[in-house]
Every structure is written in C-alpha cells, then in structure tokens.
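Q: Protein chains in written order, with the working numbering: chain A, 1 to 266; chain B, 1 to 438; chain C, 1 to 133; chain D, 1 to 573.
Quick caveat, the hints were computed from the structure, so don't treat them as lab data.
Even for Gly, the Cβ is constructed at its ideal location relative to N, Cα and C.
Hints are supplied without guarantee of correctness; some may be wrong.
What the hints assert, rightly or not - Under the rule of at most 20 Å between Cα atoms (straight-line distance), these lysine to aspartate or glutamate pairs were calculated in the EDC-like manner:
{"#": "1", "chain 1": "A", "residue 1": "Lys197", "chain 2": "B", "residue 2": "Glu207"}
{"#": "2", "chain 1": "B", "residue 1": "Lys51", "chain 2": "C", "residue 2": "Glu25"}
{"#": "3", "chain 1": "A", "residue 1": "Lys253", "chain 2": "D", "residue 2": "Glu334"}
{"#": "4", "chain 1": "B", "residue 1": "Lys51", "chain 2": "C", "residue 2": "Asp27"}
{"#": "5", "chain 1": "D", "residue 1": "Lys158", "chain 2": "D", "residue 2": "Glu224"}
{"#": "6", "chain 1": "D", "residue 1": "Lys90", "chain 2": "B", "residue 2": "Glu433"}
{"#": "7", "chain 1": "A", "residue 1": "Lys252", "chain 2": "B", "residue 2": "Asp279"}
{"#": "8", "chain 1": "A", "residue 1": "Lys206", "chain 2": "D", "residue 2": "Glu224"}
{"#": "9", "chain 1": "D", "residue 1": "Lys544", "chain 2": "B", "residue 2": "Asp19"}
{"#": "10", "chain 1": "D", "residue 1": "Lys541", "chain 2": "B", "residue 2": "Asp7"}
{"#": "11", "chain 1": "C", "residue 1": "Lys45", "chain 2": "C", "residue 2": "Glu109"}
{"#": "12", "chain 1": "D", "residue 1": "Lys541", "chain 2": "B", "residue 2": "Asp19"}
{"#": "13", "chain 1": "D", "residue 1": "Lys86", "chain 2": "A", "residue 2": "Glu231"}
{"#": "14", "chain 1": "B", "residue 1": "Lys438", "chain 2": "A", "residue 2": "Glu44"}
{"#": "15", "chain 1": "A", "residue 1": "Lys252", "chain 2": "D", "residue 2": "Glu334"}
{"#": "16", "chain 1": "B", "residue 1": "Lys409", "chain 2": "D", "residue 2": "Glu77"}
{"#": "17", "chain 1": "A", "residue 1": "Lys122", "chain 2": "D", "residue 2": "Glu77"}
{"#": "18", "chain 1": "B", "residue 1": "Lys359", "chain 2": "C", "residue 2": "Glu132"}
{"#": "19", "chain 1": "B", "residue 1": "Lys409", "chain 2": "D", "residue 2": "Glu554"}
{"#": "20", "chain 1": "A", "residue 1": "Lys252", "chain 2": "B", "residue 2": "Glu436"}
{"#": "21", "chain 1": "D", "residue 1": "Lys86", "chain 2": "B", "residue 2": "Glu436"}
What the hints assert, rightly or not - Covered by chain C, per the in silico footprint, the following chain B stretches (three or more residues, Cβ under 8 Å):
{"#": "22", "region": "19-26"}
{"#": "23", "region": "122-134"}
{"#": "24", "region": "369-379"}
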Amino acid sequence: METVTVTMKNQPTLFLEADNISPDVFAGKKSSEIAELHAFEGREQTTLGKYFEVSGNAGPSAADTRIVVKGDVTRVKYIGMKMSAGEIVVENSADMYTGAWMQGGTILVKGNVDAFTGIGMKGGNLIVEGNAGNYLGAAYRGDWRGMQGGTIRVKGNAGSDTGYFMNGGEIIIEGDVDVHVGTHAEGGRIIIKGNGKSKIGGQMVKGEIVVFGTIDVMMPGFKYVEDVEMEVDGTEGTFALYHGDLGERHPKKKGQIIYGNLYQKI
Amino acid sequence: MTKIVPDVICPFCGTLCDDLEVEVSDDGKTIVDIYNACAIGAEKFMHAQAKDRVTRPRMQQPDGTYKEVSYDEAVEYTAQMLANSKKPLMYGWSSTSCEAQSVGHEIAEQVGAIVDNTATVCHGSTLIAVQDVGIPSCTLGEIKNRADRIIFWGCNPTHAHPRHQSRYSIFPRGFFTNKGHKSRKVIVVDPRKTDTAKMADIHYQVEQGRDFELLSAFRVAVRNEELPDTVAGIPKEEIYKGAELMKSGRFGIIFFGMGVTQSLSKNHNIDNAISLTKDLNEYTKFSIMAMRGHYNVTGSGQVLGWQFGFPYCVDLSRGFARYNPGETSSNDLLRRGEVDSIFVLGSDPGAHFPISSVKKIAELPSVCIDPHITPTSEISKLHVPVAFVGIEVGGSCYRMDNVPIDARKVIDPPEGVLTDEEFLSRVNKRVSELMEAK
Amino acid sequence: MTKIALNLITGRTIQQGVAMEGGKEKDAYTKACGIIELDLSDLKKLGAWRNTNVRVTSPYGSIVVKAVEATQGPHPGLAYIPMGPWANSVTDPNTYSTGMPTFKGVPIEVEVAMNEKVLGSIELVQKKCRGEV
Amino acid sequence: MSEYLIKNGFVYDPVLGINGDKTDIAVKDGKIVKDSELSSKAKTIDATGKTVMAGGVDVHAHVAGPKVNVGRNYRPEDKLFVGTAKSGMKRMEGGFSVPTVFRTGYNYARMGYGFVMEAAMPPLYARHVHEEIRDTPIIDQAALPVFGNNWFVMEYLKNGEVENTAAYIAWLLRMTRGFGIKNVNPGGTEAWGWGLNCPTVNDPVPYFDITPAEIIRGLIEANEYLGLPHCMHVHGNSLGEPGNFSITLDTLKQAEGFKPKGSFGRDQVLHHTHLQFHSYGGESYASKSFESKSREIMDYINSVDNITFDMGCVTLDETTTMTADGPFEHHLTELNHLKWANVDVELETAAGIVPYVYSPKTFIAGAQWAIGLELALYAKDLMKAFVSTDHPNAGPFIRYPRVIKWLMSRKARDNVLDNILKYGEKVRERCFIGEIDRELSLYEIAMMTRAGPAKALGLAHMFGSLKEGMDADVVVYPFNPEKDDDPEKIETAFSNCSYLVKSGQLIINDGEIISTGRKRTLWVDAKVNENAQVMRDVEQKFLKYYSVNLGNYEVLGEHFLPNPYIIEVDATQ
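With the sequences and hints as input, model every part of the structure.
A: What follows is the structure, given as structure tokens:
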C-alpha cells in the first residue's frame, strides 16, 4: 500500500471543500498531480496544492492507497467523501461531511469531527477518536435512505440526530449522545455506551438501539416487553427490552408485527 | 374628494388578507384611511406615511454615524462588496415581491452567494420536515368550507395572524359549515394559556419542549395503543379524548407555528405533527398548515424552488445549487465564519437573530435594503431605503397556503426612492460588468 | 439579592407587531418588547413589584428589561419576552444543525435591577456589537 | 430577423408526406418559406447525413406550477450530485425527475421540442403556473386548467346547463390565461375533499349528486359548444388500479356520438392521457393476477375516429409522481410509505405528490413499462397516439428518446426484457410486449411527437410540420437513417440535437445552446354571449366560499405573461 501525506500549509480564510481528498481520486496519481486536484474556497476554484504540502505517490488503485492528513484541518470539509476503498488517517480534527456517502475502506480521525459525518454511508469503517457532531450517520435531507451499511465508531460523545433514517449498518458511541437517536430508523443498530437524553427512537419503524446509561425521558410510544441477557460490543449484561414506536407504522413478518427494539442496560 | 382603492393586499403576515380598502387623497399621494385591516396591517400602511422616513441611502462613517450618499454610490458599494467576496450571504427576501427576488437570484448566481430567507428562523424546520415526510394540506378556503376540527399547535394567531380566525379558521360560515363557529371544535396546544387558547374547547398546556413526546402520544392514542399515565404533563385520558375528537370529525386541520418550529426537536416536532395528520387520514380527512410569518416568505421559497430546487438555505458558491440547513443556513454560516460579506433585503436579522450572530454581521462588509430604520440598518455599512412593496409598488406574493396573490400599488413612493427591483436591477448590471472584468 | 431560575420562551405579540411596523427606533417598540412577562407567583418569588426593571441572564448573554405580569397565563416557571433584540440578547444560538436557533426553552435567571436602564433597540444592538454592554 | 437554409438533410414530415427524402428547409422572419424567398444573407445549416423534423410538440407534461414545485422543494435528494454550472447566458441547472425551470427549457430544446403543454393548472394557482412558464426558457407553453371537480361545472351540468358551463369555462380560461379543458379523476377529486373517491364513472359525487360519466359528457359538449382548439383532455377514474381497463373503456365510450366543432382541424373530441396507467387487468399487482389489457383498449380506440391518447410510458427510473388525482396519491403513499404531499384547492381541485421508484427488480414496473409501449405499437393510426411519460409520473421527459428507441427497435425492447428486468419472463407472460415485432419508422415517430399532438391540440397551423407559412420550429438530429442501425444511436441523437431553430431563431448550434429565444405563452380567449346568471353565480361564490376576492382572481400583467400569444375563438353564434 502506497502512502500519500497531505499537510496543511496555508489555512483557508473561509472553509475549504476538499472532496478530492479520497483514495479513489488520488489513485494512480503522483504527488505533483495530486497537488493539482481541485479544491474550493467559496466560489474560488483552486488546487489542493495551494493549501497542502503533498508528498508521496498514490497506489495504482484506491484499495492500495493510504492518505495521511496532517496539520489543522478543522476548516476542511468532505474529507473521504464517497470513498470506496483504501485508507485515510486524519491526525487532528476535521470539519463537516467527513466520510459522507462513504462506500468502503477505512477512515480514522484522531481528533473530532463536525456535523454530517458519514451521512448516506453505504459501507466501510469510520472511526472517530474524539467527539462527533450532529447528524452522524444520518440521511441527507429528504432522503429516506439513510445509513445503509458499514460501521461508525466514536470514542467520545456524539451530537443530536445520530442515525437519522438509518436503514442498516452499525453506529457505536462510547460516550454520551444528545437528543434524537435513530429517529425514523428502519434498520441497523445504534449502541450508546454512555448516557442518552430524550427523544430516543422516536418514529422508529425497525432496527435496534442499545443504551448502556440513562435516558432522561422515555418516548411514550415505547412499551416494556422483557429483560434479556445479551452481549453488546464485548460487554455481557441484562437489558430491558422495549418495543416501539407504537405510534408508528410497522411491517408484518409471518403474521408477526416487527417493532423497533430499544434495549436499556439494567 | 378622496378615492377608495379596493381589493388591496395586506403586506404584513402570511395570512395575506386581500380585502383591504384604502382611502387615498385624490392626488393619489397620501393614504387617508384603511378599512378591514388588523391593527398591525393598518400601522404598516400608516408608517409608510411617516414624515421622518429615510429617503436616501446612508453610509456608515468610521465614528459609527451615517452620511447620506447617492443611489449610484450605493449601487457601486453593493456591487463591489458582492463581486469581491468569496462567499457572500444574501439574506431576507420575505418582505419583497417575487419579481425582486428573481433579480436577486441572478445576482447571487453571478457572485456564488448563499440565498437564505427568513424561514431560516421561522418555518425552516417545517421545510425540513416536509422534505422528510411530505405534507397533506389544503387552501384556506377548504378550511372555511369544510373544517369541523381546528387545532392550533404552538401558534397564537390572535396575536401573530390577527384576522386568520375570522377569515379562515374558527368563525367563517362556509359551504358545508354554515353554522360557523358552532360547527367546529377547537383544540389549542400551548405551554401558555394564550388568547387563542382562551377560545378553545380543549387547551393542552403542554410542558415546554415536550411537543415531540405529546405528538407521539397522540399517534399512539389514534392507534389505540397503550400510553404512560402522563405525557408532557398531560394525563393520558385527556390525550385519548383528544385523539377521539380528531378522529370523529369530517375534516380536520392542524395549524402550527413557532411554538413547535423553534422549540427543542424543531423539525422533528413538525415531522411528527405531519405524521399524525397522515395517520388521521386513515380515519377521516385531515390537513396541516404552517402559519407562515412574513407576507411573502412563502413566495421566496417558491421562486427559489422553481429556479434552484430548494426553498431556502441555497448555496450557489460551487456554481450549482446545493442545500443543507445546518451548514448553508444563515445562523450556522455566521456562527462558523463561513461567509465574508452579508447583504440583507426585506428582513431584520439585527432584531431577530441571536445576538452572537448579530455581532458577526456587524464585523462583516454589509448592506441593508429596507424602507425602515432597523437594528440591522444601524449596524450595516450601508443602508438603502426602498419603496414599500404592497403599498408603493405591486408584485407577486404567496399566501401561507401557497396561493399567489398580486400585491397592489396604492400610492407613489417618496420622490426619488427606488423599488427593490429597480435597485437590484442596477446592482445586477454592475455586478455583471465587474464579474466580466475578473 | 434574590435570583429566580425560569424557562424563557420568546415570540410575537400584537403590540410587538404594531410597534415594529411603527418603527423599531421608536419608544413604543421598547415599551412593547423591552419587557419580560412573568407569572404572578414568580413575581412574588422574585419579590418584585409589577413594572420594575430586572436583569435577565442566560448562558448566552444578559439584558435589562421591565418585568410585567403575564397577560396570557397562568404559566408559573415560564417567562416570556416578545421577539426582538431584547429577547435575542439571551436566546440560545444552538441550531442542532438545523439552521434554527433555539428561541424557545432557554434557561434564564432573573434578578431585580431597579436602577438599570432598559435601552432602546438601536442603542442596545449597537452597544452589544461594540461590546459596550 | 435572420434567415436560414437547412440543407440536404433527411426530412420527415407526415403532414407534407415527406418520408426521409433529402429536402432543403428555408426559414425567414420566423416562418417556413420557399427557398426562393431567401436573400443572400441567409445562413446555411448543413444537415447532410442528419435527420430533419419540425420542432417536437408535447401534449401532456407536468412542468410548471404548484405541485411541480412541491416536487422540487420537498425532494433535495432528487438534486444531489446532478447540478450543472451556469455558463454564458445559460443559468444553473438542477434536478433529475423534477428539474428546475431552466433545466426544463434547456432539455426540451436539446430534444428538439418547441412546444409543451402544462397538463394541469389549478385555477386558483394560475399565477404560479404562469410565473414558472415565464421563467422556462426557449419553449412555447400553454396550460390546461382543471374542470372535472369544479363546483360551478358540477352544479351547471347536474341541471344540464351546457351553455352556462361553456360560459363559465370561457370566463375561467380568460381569468387564468388557460388553453383548454383538463378533466382529472372526474368527481373523484371533489369526493377526496372528504377522503373519498369515485372509483367508476357511475359513482355519484358526494353532495353534488352527479356522476363522472355525466361530467365527462358535459365537458365534451361544452368544449364543442365553444369550439376550442383542443378537446376535453381526460385522466379517467381509478388510475393505476388493477382491473381498471373496463372503467377506461366506459370513460372512452362517453365520446360516442360527439363530433368536433370549430375551425382548428382536430378530429377527436376526447383525448385520454397517460393511457398506460388505465389499461390494467387482474385483481392485484402480483404477477399471478395482474395482466396487460392494452389490446382491449386499443381494439376500441382503433375502431373509433374521435379519440386520441398519449402513452404515459414507464421508463424504469426513480421519479416523483404528481397529479390532481388526490385520492390516488394517498393510495400510493399507503403502498410505498414514501413522503406524501397533498393540496386540496377550494371549489376547484386537489393535487397529491409522492416519490416512486419504478424498480426493474419488480414485476409490476416491468409490466407497466410493457403496457405503455404496447398501446403505441397496437395503434393503427399513429396520428392518434402520442409519446409521453406523463412527466414526471411514469418517468422524466428526458427519457422520450429512450421511449422512441424502444418503439423503433425490437432488439432494444428484448434487451430490457432479457437483461434489465428481473422478471422479464413473467412480463412476457402477463403482457403482449414479447409477441410484438412492430418497429416504428422515423416517419411514424414524427407523427407521435409532432404532427399528431400539434393537430390534436388545434395547433396544426403553427406546429408539427415544415409546411410553408408554419412557425419555423426546425430540428436537426445527428442521426443518419441510411447508416445508423444501433438503437442506442437513436437515444443519443434524439437527446442532443445538432441544431434547433425555434420561431426562426437559432437556439442550438452544433449541439450548443446559444440563445434562450423568445418564448411565448399561448392562451385561448373564447368570446361568448353575455351571461348574467353565470356572472351572478361567480360573484356569489367568491363572496361566500372563496378565500380570495374576485377582484384578485384574474391573472393580469406583463410580469406573468411577458409574451402572450392569444388564440381567439368566437362562440357567440
């Protein structure tokens, strides 16, 4: 696997749109060609090279291309957008849309990410060692097809609207979350190892939400069913299972109504 | 001798009353009286007459005072500011005509601006919800003619849309509702016992910020599922009772406002209210409608829609239209420092944005187009007074139910004062020259 | 000095609408919007007479307005400031990435500020922007 | 004004009976003229090895107005990654299934179209429709106001008052700057005001106590009383329902005994739109029950001379459905659970909008695709059968060239059945598509996309042919009928014309849009005798039941119709 290192040298005065920082785009290019790739600051179309020091050449394909992003990229959006394979390591914090519409490969962010990280995600692995913003692994506005597959793991906390319109895949938050988790979910699994707030699982049709910590207000549409023993992300425990959202439509399977499952650790 | 101008449109709120009669002096220069308008509408017409009205552009001086400048200088400053910005924000658009909005959009396209309207602090969350779950709705006349269940959720028309209840919702006698008020049941959901709530058959004094839970509870009740004993401070018996009242009607309508769009859960509140409306259509006929604020905020969303495909928060910076409230919304842009200049037309963010955003506006190159003196005009680098749309110039406007009505010109603007459209057209021309040169 | 904690909501009133259209630079606008509507029980808790100036403080700012008795109550624990620059000196700018600030449901503390002045809208916003208040 | 000589192309013009002969077309002052009338200033457009036709005419598409704009505004995901930048005088373009007005105009021009009929205008929203039409570049447009659920119409027709109905229609056409009579789910949409429907032509409308059949016949009668350019344009009851073909036959039979009146040269008194959605057999959408009834429907249409139709061909795309058939859209959202928008319009109509995915992985989408094509392929006279996708309902209009490919090539159809559809074999079983060898010619395509619709709309004196004196709408497609045999070439050629002359102006030059032309809005001003009763009824209804003042109803002013083209009709005799 070949490694390309892009290091921030000139900060944008506004924000930088760098959707070209992706193994799929870098693949088969030399560092000089990569520096010539487009980047956008407001209406100005410039090049990655204007902002980043680029060293190393990409591999022949996305799969054998590794990108290391160095320096302060808190004002850089769309890192790893639509990537299908390969690897990106962001040494510090990144801005919005990191790994948006990601299809495969791995992104590791050692700092924090802002809103809309991993929206419309179809596959791959997205790891955030710090905190994540709002709409993590959510759907783009208006789309009923939210996160379809892949895994997102956040070691810190996440904001509101995690897993909005989630259809598949898995989101693990090791810290706490803000309001609205798995709203409109129709599949997939969300694990909150810390505390939840309120509005958890509202309008949920199908799928799973597991909360290890507290829920300050339970949605009225969730009904306690039973206690279950299970192993969640390496932790064994007893969980109270709730079915919901009773106010929402639910599909039937072999005469059985399928509900959303909300588990809370006892 | 004075003359009466009939069928005048009121350029205040989204109710867009079109039955005003304005008495003007026979020289057609002054408004003598207004009939049929609410207190706010009447005041708007009268203020257009104010003797102390600003009639020439004013430029902010280093010491913070303002100095009168010519419209030519104003056009030049505005065009230069927009052409020299990487990412200007063009905000407002809700108190002007669709024709003026169109010219503004041409400018925005040339300079790669973000076009956002006052929905961003009003019914933006509604627009997001509609994009997620749609909206079963109707025109206001349908309510007058058919509705026997009226729900006001987080809105207070008695204060914000004063003629709404008499013209469309509670009182009018329609084709199938010839008993007027008697043929209707009214429910109000509000954390305060508002003057609207005082007219209701049932008032749910919901715990503030728990509308999402209460809406979910109604959906549970409509499906005859189990509820906890109380939700959002309301006993479950009351909730089941309300659900039955909704289902038992022939035609129901939910009107909602800032109480739900601006409280915790925002778009989710509306989303759930729309979902409740959809559920109720399994049992009877039900509609839902946003109580839109500015008289033409709806029009701005329509024109943006047919020209770019999004109703607000439209980002043109990359050369094609993009949209995502949370990123391309005025307050997030200002908070994050994503824009390098701001152009405001027909709105007052200085008064109606959180102060942290207002401070950002004051730091940026800024232009404020407004007939009034406002907090925005007094922190902007340039204030350009213009004619009042709907009083001194006509143009297309859209009511809260998206019905287009053509606003009328009643009197002439003060000598030499330009209309929005005239000023914008001159800026557009100048911007084209500047962009060509680049 | 008693301080009471309340939940603040902001919004329209007909007086706010009329005064706004009459001119935001005028005193009538300050009279209509430079106020906080408090439930009678909360006025008692605060130990304030009707129509005394109070200082309202939230995590996002602070403002002096005149305390009046709520006309659309009772709503103990809830405070109301008509939409405008006074309210927006303390409202919560958090949009939860929806674009919409949280204008309703802001935790505030209210204390009597007998000798402090309620500023007019223009002066208020200009001074806030210059960091003078 | 400029002059052009379009030289040496293969010309297809059913009106002139030119079938691929190499002919030169001369254009001067916006009209088609004799070559001899051209001056030396005339520019030559070399069409050698290319196909030349009159500008296309679209009889039915939802391209402007309130429900179209709901479709745009509530589907940001329909615009994701498909925007294109502004360039020169070209504005930004956006949207796939519901494009912005700019993309709408440009894409029709790229396909060589010169006229498009907006298929459903809610009268109360007429201004909105006209504002969008105004902003749609290049193409001429008109709009059909909806009448089939209008309170005035139902009350007059219940009492058999055809003359009053006609007078009201004439008045409303003037108020809304409308073109003709659209009739959507007659009676059913008013019933939807109470959450109900009229599934068959014999179900009385709640309260109004009149049947859809009576509304259809009454509107045909009123239309011919006025002698309007176009005929009564109907979307029948029970659209999209399995087994609805018999209801469709009942609808079509309402035209029996009626003959066209007036001076616009059309032969039909009833146009049935998006017929595909109305030609279903069986009791459910399951492949064991659902079946094509295209043959029964076409046997009837082929046997009469006063009916035309458009296909409503399914294109197997993700799209946005929108119709004044309110109850249908509610039914659809119950099936696919996707976001539902609805607008009921006081005294007049309603509309619903729901996204829909015609997935090639489902049997039903494949069957719908087949039925649309079968209707055209079974048509004896292609001057009665028109290409449409009921844009955007069965698919976006940018797929017309693909539909044309399917009509012209059995190979292309078999490719869909064998390689694109998951249940191609089932579709062959339940439909007729697999048995049909017919491949339409360019001459027949010219009938279905130009000559036919122009005649049916009463616009044969302006559009649809290259006859001398016609409006100079001429398109040159990069398709060589002698050499090109790959069906894919048909689709690419008809998607991107080489040249388009619109009303005598060069709009597309060598595949590039170079001008936005001077688009016109057509409307019909029908003069009728004074009718005091109708005017009194109008005043009463506005006073009591409308939410706007009568004085604010009429679409007035240049800002709505900057360039109107008025077709006058005298019905005073």
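Q: Taking the hints in turn, state whether each one holds.
A: We went through each hint and held it up to the structure:
no. : hint                  : in the structure
1   : Lys197(A) / Glu207(B) : 16 Å, holds
2   : Lys51(B) / Glu25(C)   : 14 Å, holds
3   : Lys253(A) / Glu334(D) : 18 Å, holds
4   : Lys51(B) / Asp27(C)   : 17 Å, holds
5   : Lys158(D) / Glu224(D) : 18 Å, holds
6   : Lys90(D) / Glu433(B)  : 17 Å, holds
7   : Lys252(A) / Asp279(B) : 18 Å, holds
8   : Lys206(A) / Glu224(D) : 56 Å, violated
9   : Lys544(D) / Asp19(B)  : 13 Å, holds
10  : Lys541(D) / Asp7(B)   : 16 Å, holds
11  : Lys45(C) / Glu109(C)  : 12 Å, holds
12  : Lys541(D) / Asp19(B)  : 15 Å, holds
13  : Lys86(D) / Glu231(A)  : 55 Å, violated
14  : Lys438(B) / Glu44(A)  : 12 Å, holds
15  : Lys252(A) / Glu334(D) : 15 Å, holds
16  : Lys409(B) / Glu77(D)  : 40 Å, violated
17  : Lys122(A) / Glu77(D)  : 16 Å, holds
18  : Lys359(B) / Glu132(C) : 12 Å, holds
19  : Lys409(B) / Glu554(D) : 16 Å, holds
20  : Lys252(A) / Glu436(B) : 62 Å, violated
21  : Lys86(D) / Glu436(B)  : 14 Å, holds
22  : 19-26                 : violated (count 0)
23  : 122-134               : holds (count 3)
24  : 369-379               : holds (count 6)
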